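Peer 1: Protein chains in written order, with numbering that gives the first Met the number 0: chain R, 0 to 781; chain A, 0 to 155.
Think of the hints as simulated: they come from the structure by calculation, not from any bench. These figures come from a predicted structure and were not determined experimentally. All C-beta atoms, glycine included, are put in the ideal place defined by N, C-alpha and C. A portion of the hints provided could be inaccurate.
[What the hints assert, rightly or not] Within a straight-line C-alpha distance of at most 27 Å, the following computed DSSO-like cross-link-like pairs (lysine-lysine) qualify:
hint : chain 1 : residue 1 : chain 2 : residue 2
1    : R       : LYS364    : R       : LYS560
2    : R       : LYS486    : R       : LYS532
3    : R       : LYS526    : R       : LYS537
4    : R       : LYS354    : R       : LYS532
5    : R       : LYS488    : R       : LYS427
6    : R       : LYS663    : R       : LYS360
7    : A       : LYS110    : R       : LYS486
8    : R       : LYS665    : A       : LYS125
9    : R       : LYS418    : A       : LYS110
10   : R       : LYS524    : A       : LYS110
11   : R       : LYS560    : R       : LYS488
12   : A       : LYS125    : R       : LYS526
13   : R       : LYS560    : R       : LYS360
14   : R       : LYS524    : R       : LYS488
15   : R       : LYS423    : A       : LYS112
16   : A       : LYS112    : A       : LYS125
17   : R       : LYS488    : R       : LYS663
18   : R       : LYS121    : R       : LYS354
19   : R       : LYS653    : R       : LYS560
20   : A       : LYS110    : R       : LYS526
21   : R       : LYS423    : A       : LYS110
22   : A       : LYS110    : R       : LYS488
[Unchecked claim] Under 7 Å between C-beta atoms, here's a sample of chain R residues computed to sit facing chain A:
hint : residue
23   : ILE119
24   : ILE421
25   : VAL422
26   : THR426
27   : GLY510
28   : GLU512
29   : ILE514
30   : GLY516
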Amino acid sequence: MFSRMAPRGRSGLGRSLAELGLLLLAILVLLDGTVQSLEAATSSEIDTHEGKPGTHKNTSKKSFPVLGIKYEDVSVPFEIALWVLLASLMKLGFHLIPRLSNVVPESCLLISVGLLVGGILKLARDEVPPVLSDRIFFLCLLPPIILDAGYFLPIRPFVENIGTILMFAVVGTLWNAFFVGGLIYAVCQIAQDKYSEIDLSNIGILPCLLFGSIISAVDPVAVLAVFEEIHINELLHILVFGESLLNDAVTVVLYHLFEEFMESGSVSAVDALLGLVSFLIVALGGVLVGAFYGILAAFTSRFTSHTRVIEPLFVFLYSYMAYLSAEVFHLSGIMSLIACGAVMRPYVEANISHKSHTTIKYFLKMWSSVSETLIFIFLGVATVEGEHHWNWVFLTSTVILCLVARVIGVVGLTFIINKFRIVKLTTKDQFIIAYGGLRGAIAFSLGFILHSEHKRIFLTAIITVIFFTVFVQGMTIKPLVELLAVKKKHEAKRSINEEIHTRFLDHLLTGIEDICGHYGHHHWKNKLNRFNKKYVKKILIAGDRSKEPQLIAFYHKLEMKNAIQMVESGGGSKLNSTFPSTVSMQNIQPKIHSPPSARPSERALPQLTKGREEEIRQILRTNLQKTRQRLQSYNRHTLVVDPDEEGFDDLILKKRRMMELDWKLKQMTNYLTVPRPQGSPTMSRARMASDSQAYVKPGAENVPTIKIDLASPQSPDSVRLLDEVVQDQGLTMSLPSSSSRAYKTSGKDDGRDQQKLLRCLSDPGPDVDDDEDYDDDEPVPT
Amino acid sequence: MGSSRSSLRGVPDGQQLLQETGFSAALLLRLHQRFQFLDKDSRGHLRSEDLEAELSENPIGDRIVGAFFQPGQETVDFPSFVRVLAHFRPTEKNWTRDGVQPEPANSRNRKLKFAFQLYDQDRDGKISRTELLQVDTTNTYTVKSKLSMKPLNTTC
Numbered sequence: 000m001f002s003r004m005a006p007r008g009r010s011g012l013g014r015s016l017a018e019l020g021l022l023l024l025a026i027l028v029l030l031d032g033t034v035q036s037l038e039a040a041t042s043s044e045i046d047t048h049e050g051k052p053g054t055h056k057n058t059s060k061k062s063f064p065v066l067g068i069k070y071e072d073v074s075v076p077f078e079i080a081l082w083v084l085l086a087s088l089m090k091l092g093f094h095l096i097p098r099l100s101n102v103v104p105e106s107c108l109l110i111s112v113g114l115l116v117g118g119i120l121k122l123a124r125d126e127v128p129p130v131l132s133d134r135i136f137f138l139c140l141l142p143p144i145i146l147d148a149g150y151f152l153p154i155r156p157f158v159e160n161i162g163t164i165l166m167f168a169v170v171g172t173l174w175n176a177f178f179v180g181g182l183i184y185a186v187c188q189i190a191q192d193k194y195s196e197i198d199l200s201n202i203g204i205l206p207c208l209l210f211g212s213i214i215s216a217v218d219p220v221a222v223l224a225v226f227e228e229i230h231i232n233e234l235l236h237i238l239v240f241g242e243s244l245l246n247d248a249v250t251v252v253l254y255h256l257f258e259e260f261m262e263s264g265s266v267s268a269v270d271a272l273l274g275l276v277s278f279l280i281v282a283l284g285g286v287l288v289g290a291f292y293g294i295l296a297a298f299t300s301r302f303t304s305h306t307r308v309i310e311p312l313f314v315f316l317y318s319y320m321a322y323l324s325a326e327v328f329h330l331s332g333i334m335s336l337i338a339c340g341a342v343m344r345p346y347v348e349a350n351i352s353h354k355s356h357t358t359i360k361y362f363l364k365m366w367s368s369v370s371e372t373l374i375f376i377f378l379g380v381a382t383v384e385g386e387h388h389w390n391w392v393f394l395t396s397t398v399i400l401c402l403v404a405r406v407i408g409v410v411g412l413t414f415i416i417n418k419f420r421i422v423k424l425t426t427k428d429q430f431i432i433a434y435g436g437l438r439g440a441i442a443f444s445l446g447f448i449l450h451s452e453h454k455r456i457f458l459t460a461i462i463t464v465i466f467f468t469v470f471v472q473g474m475t476i477k478p479l480v481e482l483l484a485v486k487k488k489h490e491a492k493r494s495i496n497e498e499i500h501t502r503f504l505d506h507l508l509t510g511i512e513d514i515c516g517h518y519g520h521h522h523w524k525n526k527l528n529r530f531n532k533k534y535v536k537k538i539l540i541a542g543d544r545s546k547e548p549q550l551i552a553f554y555h556k557l558e559m560k561n562a563i564q565m566v567e568s569g570g571g572s573k574l575n576s577t578f579p580s581t582v583s584m585q586n587i588q589p590k591i592h593s594p595p596s597a598r599p600s601e602r603a604l605p606q607l608t609k610g611r612e613e614e615i616r617q618i619l620r621t622n623l624q625k626t627r628q629r630l631q632s633y634n635r636h637t638l639v640v641d642p643d644e645e646g647f648d649d650l651i652l653k654k655r656r657m658m659e660l661d662w663k664l665k666q667m668t669n670y671l672t673v674p675r676p677q678g679s680p681t682m683s684r685a686r687m688a689s690d691s692q693a694y695v696k697p698g699a700e701n702v703p704t705i706k707i708d709l710a711s712p713q714s715p716d717s718v719r720l721l722d723e724v725v726q727d728q729g730l731t732m733s734l735p736s737s738s739s740r741a742y743k744t745s746g747k748d749d750g751r752d753q754q755k756l757l758r759c760l761s762d763p764g765p766d767v768d769d770d771e772d773y774d775d776d777e778p779v780p781t
Numbered sequence: 000m001g002s003s004r005s006s007l008r009g010v011p012d013g014q015q016l017l018q019e020t021g022f023s024a025a026l027l028l029r030l031h032q033r034f035q036f037l038d039k040d041s042r043g044h045l046r047s048e049d050l051e052a053e054l055s056e057n058p059i060g061d062r063i064v065g066a067f068f069q070p071g072q073e074t075v076d077f078p079s080f081v082r083v084l085a086h087f088r089p090t091e092k093n094w095t096r097d098g099v100q101p102e103p104a105n106s107r108n109r110k111l112k113f114a115f116q117l118y119d120q121d122r123d124g125k126i127s128r129t130e131l132l133q134v135d136t137t138n139t140y141t142v143k144s145k146l147s148m149k150p151l152n153t154t155c
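Bound-form chain R, shown alone (with noise of 0.2 Å):
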């Protein structure tokens, strides 16, 4: 993504866009200026107009106005959108600096952004306007990035880790509450700065603790927004972003807990119980209300398959009717968006078309991304707004306490999680979990909202305490990853082969748990899943699909993905729309009660129906024609050519098409043996797997092959097709017999590129008379 060799003119056009970012908010500002201006004196003029109606009437009779300005009426609408395309190109221009965006994490550079526009906002107008009100980050800007996250979330090793996730959450977040709001109630108390015009001592416990639990959450965006750029494995991601989620139980009940308190002035140990009460409600509450939702959003989308257009709206307005909800209750509606967007997930992906799938991701990334985007710049913004109360006692214990308290936190509770845990979080990942408890707008906006006499300088230490965390833990935690050689994300997607050997170490533990009669992990897992098959899914999922096995159903997913990468990858070939949805595998009768002990009969694999097998031809036919156009002028000594000849760029591109063209269709039929279809004759060669089977008909011998001959040992990977031209055909084929003996290969390296060859053809059965080529002894390679 960032290429090191980015012409000068696009480092030129990111700051031209910066620039255009600029010329939009100097206009936002003056607009703002002249228009009210011009509103005064246009009002003006009307009021002087109304005040003589009768005498004026016929002096001021004033011409038609063509052109006017009437700003008021669609200023609020205006401001948004300026600021959402502001936000938007500044993101754009970000990452065409590529040099900026690898060191700086994009959220320090937002920040700086919002720092910016406030000063100029400030400069120009002498006041900010307050954008981070708590009702707009409450509840439109903060609902998208939850519900991304959640939607999306990584279901299975958030489950396995749930219970160091809780414990990070609840324990983790109410010991760093405690610990910053008392030792900070203790600074105050102690210090006193004669050159600060505040007062510390008179800040209160309560006020305090108060602090202490909004500081204390570990701030889902922010958290977001770092560890997305840092491509961390998959363990110590989960686990602090879950926990970054499910903190938001703990902080709510706490933040109305210690407000509450500081209504009625005293403490007693009723009401302390009554807050591990509400506690539980809030958590459990949300989640129901989320799971609930959930529910009716999967049973909706059962019957959309007549209105397919609207279908990713149902999912974005149950879930934020699930996070409105929640909100009315006091209920914590971040969980409850979260149990929304994971439990209607495999449902609603299983009912709704592919078309909504992509519209619902894309949606949802977008609008999270610019929430995100606008989140740091209103940070930015809001820090310039509003007057500061610099305490630089309280300011740096306050930082000083956050870092020292997550420090402790983490360890402490490791060092209790380790004992339960079968994989041990060792060192490192210790300190990335405490170095990447970032705080952000969250607490801000907790900030904001408060009652109190202190409200100012407690705003104060926590913008500070975000801006530290963000810039100084954001732009190191990405070296100090490399530094410590943190294990990073494994990129590729699950291949069918790891889901199918997983599946099975999974049933394997099951049934050790069965068998030692131990009520564990897998053995809810597999209850829970039995449950869904047979009831859930056949009433949340509309008509067929309910019955499909999970891994075929994935299958599907898996084959749909790769025919649209080839048709994109594929160049100039015409596909028919109807390629990706032909896979038949309707063939397939599922024979889930086999008798164990019964011979299974030999069933139909599933055959691939004659539309498919005319595409797959037809690709190939396109593909290889123009390979072999230009391929006629070499031959296999001088396949090392100049770079200069021409065309030479468009070969190597068609090649590694091809290549790529062939890695596809294996990955196609990798774990399905398709059997050769009758009259089909490049199918067979041109799969090219050296898996799967090819199985012949018995009559099929003069089956023609496209023989593939490598190329000559210099250049090893690159595959040269060696056709033999029929004239009147467009597809070059070539009896088996004949062209083993008209081979045009010569010299030394005959035999072992025959080896080589056969290496990269399909294997044929038994009764497919190429035998004689194959070579025995060989081990078949991978």
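Add chain A to chain R, keeping to what the hints say.
Peer 2: Frame of chain R; chain A shown alone:
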């Protein structure tokens, strides 16, 4: 626990199993109770039917049961039972290949070997294509197909 020695009296080869497998005394006792529960007729050994009763819904239940029984044997007694289950303890990291101690059951190597045996049903030391395909399709359906490739030479 001081009482561990006394309560292990009912367990055949209790002390030796403790050392061999590394289970704690409490765990061993519990496994013994479970063994006695599974062994409905109090014969002192388990047959495959006893184990299969627990694993009726498991797609690979027959493989798991097969892993408990040595080839050719029809019954499994308590020490073998425990030895198989010892594979599932957390991975032993402290064992060194000095040849003095026998390799503990929960070392990585032994775990891998155990998993391998689950795939390798005919115990010839290799996972043939047939066997791999069986695993692949066990989760979904049973499909038999014409297989023609040579087995993969994956010996332990």
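Peer 1: Does each hint hold? Answer for all of them.
Peer 2: Tested hints:
no. : hint                : verdict
1   : R:LYS364 / R:LYS560 : holds, 19 Å
2   : R:LYS486 / R:LYS532 : violated, 36 Å
3   : R:LYS526 / R:LYS537 : holds, 16 Å
4   : R:LYS354 / R:LYS532 : holds, 26 Å
5   : R:LYS488 / R:LYS427 : holds, 15 Å
6   : R:LYS663 / R:LYS360 : holds, 24 Å
7   : A:LYS110 / R:LYS486 : holds, 24 Å
8   : R:LYS665 / A:LYS125 : holds, 25 Å
9   : R:LYS418 / A:LYS110 : holds, 22 Å
10  : R:LYS524 / A:LYS110 : holds, 23 Å
11  : R:LYS560 / R:LYS488 : holds, 22 Å
12  : A:LYS125 / R:LYS526 : violated, 34 Å
13  : R:LYS560 / R:LYS360 : holds, 15 Å
14  : R:LYS524 / R:LYS488 : holds, 26 Å
15  : R:LYS423 / A:LYS112 : holds, 23 Å
16  : A:LYS112 / A:LYS125 : holds, 12 Å
17  : R:LYS488 / R:LYS663 : holds, 24 Å
18  : R:LYS121 / R:LYS354 : violated, 45 Å
19  : R:LYS653 / R:LYS560 : holds, 21 Å
20  : A:LYS110 / R:LYS526 : holds, 26 Å
21  : R:LYS423 / A:LYS110 : holds, 18 Å
22  : A:LYS110 / R:LYS488 : holds, 26 Å
23  : ILE119              : violated, 59 Å
24  : ILE421              : holds, 6 Å
25  : VAL422              : violated, 9 Å
26  : THR426              : violated, 16 Å
27  : GLY510              : holds, 4 Å
28  : GLU512              : violated, 9 Å
29  : ILE514              : holds, 6 Å
30  : GLY516              : holds, 5 Å
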